[in-house]
Amino acid sequence: MAAEIKNLLFERMLSFDVKVPFDVLLVDLWYLDDRMNDWPRRDRQYALAGGLIRRKFIDNAVAAVEFADLWIRTRELYGIELIEDVLNLCQQLYDYARSENKPLPGESAFG
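Once you know that position 36 of the sequence shown is 36 in our numbering, the rest is easy, because the numbers rise by one and skip nothing.
A hint or two may mislead.
[To be verified] Taking lysine-lysine pairs in the DSSO-like style, the calculated list, with each CA pair at most 30 angstroms apart, reads:
| no. | residue 1 | residue 2 |
| --- | --- | --- |
| 1 | Lys6 | Lys56 |
| 2 | Lys56 | Lys102 |
| 3 | Lys102 | Lys6 |
| 4 | Lys56 | Lys19 |
| 5 | Lys19 | Lys102 |
| 6 | Lys6 | Lys19 |
It is worth saying that the hints were derived from the structure and are not from the lab.
Let the sequences and hints guide you as you build the complete structure.
Structure representation (structure tokens):
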């Protein structure tokens, strides 16, 4: 069951039109989100979406809000607290994408 959920999560992440490698995007979200973890969820979601748009990681505002929500849910579901947790998630995402022959944006730090 957990593997199925993670695969669905990865499918959803890979469905977004992102402009940078996922490791760049997810580490940036982790960094920003870590500084506002005491904010109400909705405020965090919109602040994270704004960060994605300002950095030109995602062009579409609706998609940015959806990705920010997906990040918050992922962080809660998998207990992501440390940068190592984010990098592990990124590695799993890249491994999944390669195994499913899914295209990835840009070059990742994982080669």
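inquiry  = Against the 30 angstroms threshold, does the CA-CA distance of Lys102 and Lys6 hold or violate the hint?
reply    = 15 angstroms, holds
30 angstroms Cα cutoff - pair Lys6, Lys19 = 22 angstroms, holds
request  = With a cut-off of 30 angstroms on the C-alpha distance, tell me whether Lys56 and Lys102 pass.
outcome  = Roughly 22 angstroms between the alpha carbons, so the hint for Lys56 and Lys102 holds.
task = Verify the proposed pairing of Lys6 with Lys56, using a straight-line Cα cut of 30 angstroms.
result = 26 angstroms, holds
message = Between the alpha carbons of Lys19 and Lys102, is the straight-line distance 30 angstroms or under?
response = Cα-Cα ~15 angstroms, so holds.
key: Restraint status (C-alpha distance of Lys56 to Lys19 at most 30 angstroms)   = 7 angstroms, holds
Going down the numbered hints, you'll see the structure goes against none, and every one checks out.
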